[in-house]
Amino acid sequence: MHIRTRRLLSIAAVRGPRGRCWRSLLFLALLPLLLAACGQSDSAGLTVTGSTSVAPFAEHLAELYQHAHAGTAINIQSLGSSAGIQAAIDGVAEIGMSSRELKPEEADKLDELVIARDALAVIVHPANPVSKLSLKQVQDIFSGSVRSWSALGGPEQPIDLVIREAGSGTAGAFDELIMKGKAITITALRQGSNGAIRQVVAENPNAIGYISLGIVDNTVKALAINNVAPSVAHVEAGTYTFVRPFLFVWRKGHTFSPLAKQYIDYVMSAEGQQELQNLGLVKGPASP
Amino acid sequence: MKERSISFILLITAFGALVALGLITYFIFQAGVPLIAKVGLWQFLAGSTWNPTAKPPAFGILPMIVGSLWLTFGSLVIGVPLGLAVAIFMVELAPAWLAVVMRPAIQLLAGIPSVIYGFIGLTLLAPVIRATLGGPGLSVLTGAIILGFMILPTIIAISEDAIRAVPIAVREGAVALGSSHWQVITGVLLPTARSGIIAGIILGMGRALGETMAVIMMIGNSLAIPVSPLQPATTLTSNIGLEMAYASGQHREALFATGVVLFVFIMILNALATTFVRRPGTSRRSA
Amino acid sequence: MTTARTQRFAFGCIWLAAVFTLAVLALVVGLIMVRGLPSLSIGFLTGTPENLGRDGGIFPTIVGTIVLGLVSLLIATPLGIGSAIYLTEYTHESLLTRAIRFGTESLAGVPSIIFGLFGFIFFVTYLQMGWSILAGGLTLALMVLPTIIRTTEEAIRTVPQSYRNVSYSLGATRWQMVTTAVLPSALPGIITGIILAFGRAVSETAAVIFTAGTALNLPKSVFSPVRTMAVHFYILAVEGISLEKAYATGAVLIVTVLIINVIASSLITRLVRKQVRR
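Protein chains in written order, with our numbering: chain A, 1 to 288; chain B, 1 to 287; chain C, 1 to 278.
Isolated chain A (complex conformation) (with noise of 0.2 angstroms):
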């Protein structure tokens, strides 16, 4: 807001000539280019960049990493699974980190390698006298025909939904492993990451959503689906089956810096997969 402070500094300017500052500002319309000129040949070492459900496990095995590799940056953006398959494509991210099946076109282009599972939880405030619900039920609530808690064994409140928006691959394996192709109602509240649904569910004892089993925590209550809970175990025994792969992709034919390499090897290493376990991911491919 200058407009005040340029009434003022139309008394403020009003001074002798002094110095010659002209030539620090000469001086610094030179700088940038400088600047650009070094930056050329500096590495800014490795960009891995996409799903945000992702994001979290990769920024973790990244730090341990660099903890234990003094020197290395591992750079970890989450920007979406689109955003990190565009970006692997085009060439931006050495590495791109996506949260669901590559499309066909996309398959055409990369290479993908599944890092670990992860399964889908759904997830209401911990105060929600309701702890568990049939499929055809979470379908019926994100539907929009199910529409109170009332008609679920809990109180006579109205059923917050929240969701992730259109695109993500969070949404996008909700769609189809549980919702099954079902329309959900557009008055649900979109969210952009598994984290901000946890967020949102945990200060709304009405709300509803879905995120990553890996970032549940106790500030929300995962449902049993089915009577089937929710858990690795259950992931690994084949009986809770809402799960979905976690893929780095890379460029088809690009090789890998040194960098790059070690790091997907030490994702998955034996130690990097037990991290991701520890987490609450499944160890991947898909044996069911």
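Quick caveat, the hints were computed from the structure, so don't treat them as lab data.
Glycine residues also receive a C-beta, built at the ideal position from the N, C-alpha and C atoms.
Check each hint, because a few of them may be wrong.
The list that follows gives simulated cross-link-like pairs (lysine-lysine, DSS-like), each with its CA atoms no further than 30 angstroms apart [stated by the list, open to error]:
#1 A:K283 to A:K221
#2 A:K252 to A:K283
#3 A:K109 to B:K2
#4 A:K283 to A:K261
#5 A:K221 to A:K182
#6 A:K182 to A:K132
#7 B:K2 to A:K252
#8 B:K55 to B:K38
#9 A:K221 to A:K109
#10 C:K220 to A:K136
#11 A:K103 to A:K283
#12 A:K261 to A:K221
#13 A:K261 to A:K180
#14 A:K136 to A:K283
#15 A:K221 to C:K220
#16 A:K109 to A:K180
#17 B:K55 to A:K103
#18 B:K55 to A:K136
#19 B:K38 to A:K109
#20 A:K132 to A:K261
#21 B:K55 to A:K182
#22 A:K103 to B:K38
#23 B:K2 to A:K180
#24 A:K136 to A:K182
#25 A:K182 to B:K38
#26 A:K109 to A:K252
What follows is a list of derived Cβ distance ranges for each label pair [as the list claims (entries may be wrong)]:
#27 B:P57 to C:T269: 23 to 29 angstroms
#28 B:F73 to A:T255: 54 to 60 angstroms
#29 A:E105 to B:L45: 27 to 33 angstroms
#30 C:Y126 to B:P56: 40 to 46 angstroms
#31 C:Y126 to B:A271: 27 to 33 angstroms
#32 C:T97 to B:Q30: 27 to 33 angstroms
#33 B:A54 to A:D108: 18 to 24 angstroms
Dock chains B and C against chain A, hints included.
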């Protein structure tokens, strides 16, 4: 010779803003217009279904347009009376020391990052609104209240300048006719400063229309067309901000197309504000 | 109602509005400070974030914010000052200046999300800069350009004509006149504009997130991606990663904005006083 080259360099820098505006216009339009052409301008603007990843996809941005209008209008309902009152207060009523304190304070209000306002709306206001008025809390009302405060500094600063710019002779004439202080304000100062004040309101409107991150945090982002302020909504900006990360192909084009619509709205507002500001008598430059 | 009573009522309302506005400001700033300050420490300012920011500090985001702000100023300042000098000293009002002014005013009104979209498609993708300090800095530079042009123009306009006349009478060329007579007098105003532009760059989120990225590492070059404090705050708060750290980051942000504002306004106040004494 040296003089001429300097003059040339300066001319080039002077084109910086214009070139930037041109580049922005070109790149946004070339990324968005093809989709509008394919969908049809009317279908795009008046279509009430937004389902960019369905087969076949639906690209109607009416819900966002309505959401943006609701939110902008709502923030004006809060911001205009409050902003005008504060402007009048600072020029006419405030003791000198208070006016001195208020100026930097209002400036600070403008400097606080919008995400902090959004956070306050999300964590403080939304639960209160859910508990007292019902609905999911993340709603048009929540967004409008917070946005109203976010546009206050714009409205205050420009209105204050406009009121201050009213010539003393005009005011003295009214006082000489026996008007009370309040009558001078409503009968002389505000009408004389009117076009400046309107310009401030329009610029505030532009800010409300353009705000993104704070809106995403507060408004719930549902795709239904809101019929009550307690319902959630999506705006043109928040939908771009929310979906851009995951968009590809036509979906991404549609978001750029949304950007085109937003850009056109903003340009119209800018043009309006400029015409009001340029009116003689209340020009900001004369302040 | 009598005139006097109407006035008393109206003034009461206006007082109330003013107090209310100040109270809200105090509430916003106070709340963030009260909840944020307790978890502030030197370690928080100098530590690296761990566990996505749930633990550790925010040092890389502080660096990211400052570097991004500086890069944008390095680009916008020469452009803005040159533009303002041209508009005020090198030309008369014409169709051209009106076009340039229109460009500046319009650019000032463009919402940050549009800058973000543009920066993403132009700098990040088209020019292949990737999410980087350079792409973010260039985007921000365009955003703050109007601020710098307008404050500089305003500051230059207030330099008395007599300075120019004296300079010319000493045989100065136009450029010598500008650099020895006009710019030094206008410098405080120009600096204020630059500081305000920095403030705008610090608090921006929408344009930054799509152009400079969200990576949490210390940047190594202008081609590294960065996460600014405002973006970090947004992610911590929206993702519910850690409210405690979000408040602490918010407190740092507000203090930064406060400092920027104080410097800008004290600069002005001091100069106003100097002027009054003269």
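| task | Find the hints from earlier in the document that the structure breaks and name them by number, from lowest to highest. | result | 3, 7, 9, 10, 12, 13, 15, 20, 23, 27, 30
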